[in-house]
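Visitor: Protein chains in written order, with my numbering: chain A, 1 to 290; chain B, 1001 to 1274.
By construction, these hints were calculated from the structure, which means they are not laboratory data. Computed from a prediction, not measured in an experiment: that's the story for all the values here. Ideal Cβ placement from N, Cα and C applies to all residues, glycine included. Misleading hints may appear alongside valid ones.
With the C-beta cut set under 7 Å, the calculated list includes, among others, these residues of chain A facing chain B [stated by the list, open to error]:
hint	residue
1	Pro117
2	Leu232
3	Thr233
4	Asn234
5	Ser274
As a plain string of letters, each chain reads:
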Amino acid sequence: MNRRVKAAPYLFLTPAIVLFTLFLAVPIGYTVYLSMRRVKVSGLGLGKGARQEIFVGLDNLAAAVTDGELWAGWLRVLGYGALVLVVMLGLALLFALLLDSAHVRLARFSRIAIFLPYAVPGVAATLLWGFLYLPSLSPFGLGFLSASAVTFSMANIAVWGGVGFNMLVLYTTLRAIPRELYEAARIDGATETQIALRVKIPILVPAIILTTVFSVIATIQVFTEPTTLRPLTNAISSTWSPLMKVYRDAFVTGDLYSAAATSIVIAAVSLVLSFGFLRVVRGHAFGEES
Amino acid sequence: MTRRLAPTGLLLLGAIYCLFPVSWVLVAATKSPAELFTTSTLTPGTGLLSNIEELFAYREGVFWLWMANTLLYAGGGALLSTAVSAVSGFALAKYRFPGRNAIFNLLIGGILVPAVVLAIPQYLLFSRVGLADTYWAVLLPQILHPYSIYLARIYATAAIPDSLLEAGRLDGAGEWRLMSRVAIPLMVPGMVTIFLFQFVAIWNNFLLPFIMLGDDGKFPLTVGLYTLLAAGANQPTLYNLILTGALLSIVPLIALFLTMQRYWRTDLSSGAVK
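Using the sequences provided together with the hints, build the complete structure.
Guide: Take a look at the structure:
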């Protein structure tokens, strides 16, 4: 290979590497830096030098980890997330298997209809459901926005918005399986249900793990739906989810340092959970051809 | 018979569940403010045109701006993102070079970094260089999309035969020419898929523009709709505007989605084996 060929891949990767550095690496580094600092106010906080940024090490992180308000947020999101993950991925798997089975009619229509909510922005989806939940407009009756029901109502919005995308991921994986595999199973006397459970689901495992990882990451960072629903009900506080607390700390109360520390805790939780899942399927979900 | 009916019935229930809110807003947007609370839920009203007129007149037509902004963010962002992903994916798939795996793993690691860790420092860095509350603040951070690079790499591996590149080199074509004239044209079907997913992702994004922008003339539809709701939650007179706005914000995407159906593939490798 000559020199030009050797240099080419680096040149082609330059835009991605520059963007990665500017919009990923530098902001991450800056978050870590911010999380270890705090403003110290001396005297009355007036005059030059009265407000000083000082280094506080891991104090902010420790405060974020032990923050009761944040813990309450984690618990709410845990309940909400468990509900969303189980129902959304369960339905996505069920629909994908049904679509792939030989015995179904109107498959094309159902596939398009179930995928359609993917095209609806989270804000608009929350608006639609929010108005459907609103007692003065709701065709279903009352109570969707009460404190006891609001988690379920919000989970419903997430399931509605996410089931189609996950179904499509699983369905395209199923379509890539050679049909002869099923023929062989049928000749051995397997029923459609047995084929689904014994042949299709095992093949789908890596795709299920992948969709689970993405869904967990999305759930930990839930922000748009509760923020959009807040004007319609007082059952959602400004710190309902961890990310909402970060937003409030950074932009409402103006404490960037603890907001940075809290975002690091959220990132750590996402990473631990995602890597936990990925370890289980090492080599399947990512980088299988490297 | 039941073998056929039960699966079809279940799927249709799923379809109805997914279509219901969309068809509801379609009907609700046709109602005048008075009809919204008095007529039964699924009876069409008579106010669609006046609702649309009122929405576009709202605050000197700011809704028009939101629509134009959204198109700019989603169209421009998705185009740039697709270009960067395709070129990077091609380089990672078709060249052997020192650092290849390290660069790939680093870029892919970006998938796992939550947007929240980035949003605040990105905002601070943008305000430091005077770019906060500009179009750039929403456009630039969304160009790099690690998952698209991953997909582009899979697609390039399968769609571009090594022999074609070798033949090109023997004919004396430079690497730039091979990329732009040979590789990219072969990658077009995969790039369309990447473009569509990026377009929808940016169109639907709320957090980034919500944090970056203060001036509502630069808002995309999502943030605009949110402010409309925040302003109108306790004013039932604004409800019909909000509902009409929600309808108008999803119509373009649903249209795009229905016309480009065959490109919605999440498993790009399947497209390359044909």
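Visitor: Now tell me if each hint is right for this structure.
Guide: Tested hints:
Because the beta carbon of A:Pro117 sits about 5 Å from the nearest beta carbon in chain B, less than 7 Å, this interface hint is met. Restraint check, A:Leu232 versus chain B: the minimum CB separation of about 6 Å is within 7 Å; hint holds. The beta carbon of A:Thr233 comes no nearer than 9 Å to any beta carbon in chain B, farther than 7 Å, and the hint placing it at the interface is violated. Because the smallest distance between the Cβ of A:Asn234 and any Cβ of chain B comes to about 11 Å, over 7 Å, the interface hint for this residue is violated.
The beta carbon of A:Ser274 comes within 5 Å of a beta carbon in chain B, closer than 7 Å, and the hint placing it at the interface holds.
This entry does not satisfy hints 3, 4, going by the numbered hints stated previously.
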